[in-house]
Amino acid sequence: MNELLVRDATEADLPEITAWLARSQRPAATLPQTPDERLLVAEMAGPPSGPGAAAGRLLASVRLRPVIGVVLPRAWYHVGVTVHAAAELQLFHRQRTLLLGNDHTGASELADLVCAHEASDDGHSLPLAMQAAALREVLLTALLVMASRRIRYAGTLIAELPGLRDGAGQSPFWHGLGRHFYSGDPALAAIRHGDAWRCHVAALLPRQPVTTAFLPAAAQAAIAQVAPSSRLQCELLETCGLRYSHHVSVHDGGPVLEADLDALPAVTGSRSWRLAEGDGPGLQASICLLLSEDADGRLCALRAAVSPLGSRLQIGVAARARLRLAPGDTVWALPLQDEAG
Amino acid sequence: MNPSRFLFRTALPNDLPAFERFAADSAIGITTLPADRAKLQARLERSAQSFASLDDSSGEEIYLFVVEDLGAADGPRVVGTSGIAASAGFHDRFYTYRNEMVVHASAALQASNRIHTLHLCHDLTGYTLLTSFYIEPAYQHTLAPQLLSRARLLFITEFAERFSDRIAAESPGLADDSGRCPFWDAVGRRFFDMGYPQVEQITGGRSKAFIAELMPQSPIYVPLLPEEAQWAIGQLHPVAELPFSMLQDEGFDADTYVDIFDGGPIVEARVSMLKTVAASSRMAVQAGEGSGAGSRLVAVTRRQDYRALISGAPAGVLDGAALARLGLTEGETVRTAALAVAGDDGSEQ
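Going line by line, the protein sequences match chains L and R. Residue numbers 1 to 341, in the working numbering, belong to the letters of the first sequence in order. Residue numbers 342 to 690, in the working numbering, belong to the letters of the second sequence in order.
Worth double-checking, as some hints may not be accurate.
Claimed, not checked - Computed spacing ranges between beta-carbons, pair by pair:
| # | chain 1 | residue 1 | chain 2 | residue 2 | range |
| --- | --- | --- | --- | --- | --- |
| 1 | R | 660 | L | 89 | 54 to 62 Å |
| 2 | R | 520 | L | 88 | 51 to 59 Å |
| 3 | L | 32 | R | 433 | 24 to 32 Å |
| 4 | L | 101 | R | 478 | 33 to 41 Å |
| 5 | R | 559 | L | 56 | 36 to 44 Å |
| 6 | L | 105 | R | 534 | 36 to 44 Å |
| 7 | L | 11 | R | 444 | 22 to 30 Å |
| 8 | R | 534 | L | 166 | 46 to 54 Å |
| 9 | L | 268 | R | 571 | 27 to 35 Å |
Said to hold, decoys possible - Partial list, computed: chain R residues near chain L (C-beta under 8 Å):
| # | residue |
| --- | --- |
| 10 | 456 |
| 11 | 467 |
| 12 | 661 |
Think of the hints as simulated: they come from the structure by calculation, not from any bench. None of these values were measured; they are calculated from a predicted model. Backbone N, C-alpha and C define an ideal beta-carbon position, used for all residues, glycine too.
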């Protein structure tokens with residue numbers, strides 16, 4: 001497996017991330033607006049000569065928002081069930097309902113989890129395993145960022161996944177529900193207002209529960225369905241411990257995954273270490289994902305062989321250099337037991 | 342046709358064959374005229390009990406009336422019926438959909454939409470309900486329908502303590518001859534998976550509330566319904582145009598409520614605001630001849646064997662034949678109101 005490095009995105013990364021986002025009709029990428037918002041990218045690690053040479057190929061990105069919906073309200077539909085039963089008539093109907101609300105207000109969010117599709121400029125597609133590895137790396141790094149600055153993030157973490165689209169890029173969910181309440185083009189609104197368009201459009205959407213039986217079959221079938229192009233992201237988020245929260249996006253019916261941050265293995269299993277002196281891990285080395293922050297607040301994460309030495313952690317010189325750390329500095333480490341050795 | 346040949350009277354048990362004729366001929370949706378001999382008979386019996394019941398009414402009374410053509414070629418003939426249910430949904434809640442408009446606006450998206458919603462409600466529970474209107478087609482263009490529809494309002498005025506001060510009437514909504522109903526297909530069928538006539542059958546004639554409680558309790562966003570169903574909201578079945586137009590002329594409001602099953606309009610009003618009610622007055626009757634300024638509805642003021650007719654005589658005056666038809670003697674009190682319909686005396690009030 002090629003080595004990956006996760007870092008904060010820079011201005012130069014935005015066009016490529018924007019191109020990835022455009023595949024699922026999402027607004028262009030922008031740099032974080034607040035200190036605790038992060039836009040992380042995974043790239044191929046450069047030659048191990050020094051951090052300056054690590055500008056490899058971009059492979060994946062994720063945005064970490066510390067808190068959502070507190071400035072501009074965010075809305076989702078809660079997917080519920082109402083039972084209409086009459087024993088004498090042998091009627092027992094389970095009706096799904098959609099109720100617009102701001103249920104996840106105040107949560108932290110993993111957004112725009114996307115990856116490259118081409119391996120390189122020759123247009124060959126990036127192997128699925130490579131996509132998965134890159135996505136997993138940015139995802140775990142984001143979780144470590146939250147774990148290492150726990151107080152700055154909420155107890156609940158959500159991730160909203162893109163919903164189904166037809167061949168023409170139209171969402172059957174929007175076609176069956178949203179368009180009756182906003183006749184404008186959602187794609188144009190997204191370009192004009194960015195992510196905020198979903199907040200604006202919520203003001204036009206039904207406030208009362210909508211029985212899904214009133215929607216066309218295609219719209220009903222799209223509720224909480226992930227776009228095939230985002231199925232990998234969905235699986236990785238689930239592997240990290242997020243679960244379908246019975247909420248869907250207002251614009252395309254894509255599922256919202258949710259987790260109690262303090263119950264996630266990446267959070268409970270990771271901790272801070274001080275680096276030991278020395279130039280390599282000992283014989284009992286295992287693989288950890290390591291997260292560092294330099295004096296300028298720039299993040300860097302990579303996986304490396306480590307071994308504990310008393311209350312300190314030993315890592316190799318090359319990894320330490322890439323992390324821009326010196327002995328005695330602190331690092332946040334998550335043991336990756338499934339890939340030990 | 343001379344309007345004085347029509348007599349409005351309490352329906353009697355021996356009117357059953359006429360009711361069977363009406364039921365067989367009336368549209369699907371007039372559930373108060375079921376095509377079932379036993380049920381019709383039961384309704385006639387219940388009506389007779391209602392007329393006979395003591396003054397402190399329970400609210401569950403139904404009152405059925407007929408209009409008779411006394412001048413028909415082969416002898417007097419019952420040609421139409423109308424009824425009153427004292428209190429809508431007496432044993433249960435009376436469900437309707439209330440039309441409401443909500444405006445959703447987003448300044449950022451420069452959009453503002455007026456959204457039509459239907460709210461399941463019990464607003465009309467306890468209202469007096471006008472029911473069971475039927476007139477034979479040959480009599481639609483006579484004054485018999487006016488007598489049939491409006492004389493019952495004089496009954497309500499006379500015995501106001503038996504009724505609510507608010508009144509409503511259901512009209513059948515759009516459906517084809519097989520009972521297919523676009524509103525039901527878009528709304529109710531999604532929760533029952535069967536046609537409306539079938540639902541009526543399996544629920545065994547019990548209150549519609551039983552069905553309503555199986556339907557979604559949250560408002561229906563009309564734009565989500567198929568166009569055909571949207572069109573059907575508040576639309577009349579063609580057979581109901583005549584009784585509906587008479588109710589509108591009376592001053593009933595048709596904009597607020599629709600039937601939860603077929604989407605037909607439900608009109609409602611304050612009893613005291615209805616034209617016939619507001620214009621009616623009590624007076625002692627005198628025998629006499631002559632014609633007044635226009636035709637008048639004249640009704641007795643007794644409950645049992647209630648009768649009414651249309652007279653061309655001045656207010657408070659009836660000829661001998663009319664007195665006999667009403668079973669009155671000179672000096673007794675009547676309740677009367679000007680008929681005053683367009684084309685009758687040339688004026689419209």
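Hints, verified against the model:
1. In this structure the supplied range 54 to 62 Å holds for residue 660/R paired with residue 89/L, their Cβ-Cβ distance being about 58 Å.
2. Evaluation of the 51 to 59 Å hint for residue 520/R and residue 88/L yields a failure: the beta carbon distance comes to about 23 Å.
3. Remark: the range hint 24 to 32 Å for residue 32/L to residue 433/R is contradicted by a beta-carbon distance near 60 Å.
4. At about 55 Å, the CB distance of residue 101/L to residue 478/R disagrees with the hint of 33 to 41 Å.
5. Separation of residue 559/R from residue 56/L is about 54 Å and departs from the stated range, judged on CB atoms against 36 to 44 Å.
6. Checked against the given bound of 36 to 44 Å, the beta carbons of residue 105/L and residue 534/R, roughly 39 Å apart, stay inside it.
7. At roughly 43 Å, the beta carbons of residue 11/L and residue 444/R sit outside the given window of 22 to 30 Å.
8. Checked against the hint of 46 to 54 Å, the pair residue 534/R and residue 166/L fails, with Cβ atoms roughly 28 Å apart.
9. At roughly 54 Å, the beta-carbon separation of residue 268/L and residue 571/R lies outside the given 27 to 35 Å, and the hint is violated.
10. Taking 8 Å as the C-beta contact cut-off toward chain L, the hint placing residue 456/R at the interface holds, the least distance being around 7 Å.
11. Here the hint on residue 467/R is broken, as its CB sits about 25 Å from the closest CB of chain L, past 8 Å.
12. Taken as an interface hint, residue 661/R does not check out: its beta carbon lies about 59 Å from the nearest beta carbon of chain L, beyond 8 Å.
The structure shown violates the earlier hints numbered 2, 3, 4, 5, 7, 8, 9, 11, 12.
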